[in-house]
Amino acid sequence: MTIHTKGKNNISQRKEDWDDADAQSSRSKLRARVLEMSRELKKHQAEKEEMKLKQGG
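Sequential numbering of the sequence shown, starting at 1, is according to UniProt numbering.
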């Protein structure tokens with residue numbers, strides 16, 4: 001898998017790398033982790049807001 005390539009001559013290689021199974025797997029894992037972190041953050045923010053409301057703030 002190529003990480004960085006430049007120039008028009010490498011467009012087809014970048015496309016091939018983008019469609020590579022390893023790259024797709026990495027993107028899928030990253031997407032899942034980002035969504036998990038987003039849910040955790042929203043939960044934490046809701047808990048924080050609830051505590052603030054209970055304290056009268």
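Hints are computed from structural coordinates only; laboratory data are not their basis.
Among these hints, one or two may not hold up.
[As the list claims (entries may be wrong)] Simulated crosslink set (BS3-like; lysine-lysine; CA at most 27 Å straight-line):
1. Lys43 - Lys29
2. Lys42 - Lys52
3. Lys29 - Lys42
4. Lys54 - Lys43
[Said to hold, decoys possible] With beta-carbon atoms standing in for the labels, derived distance ranges:
5. Glu16 - Leu53: 30 to 36 Å
6. Ala46 - Lys15: 37 to 43 Å
7. Gln13 - Glu49: 45 to 51 Å
No residue lacks a Cβ here, since even glycine has one placed at the ideal position from N, Cα and C.
>> Checking each numbered hint in turn, tell me which of them this model violates, lowest number first.
In response: Violated hint (a single one): 5; every other hint is consistent with the structure.
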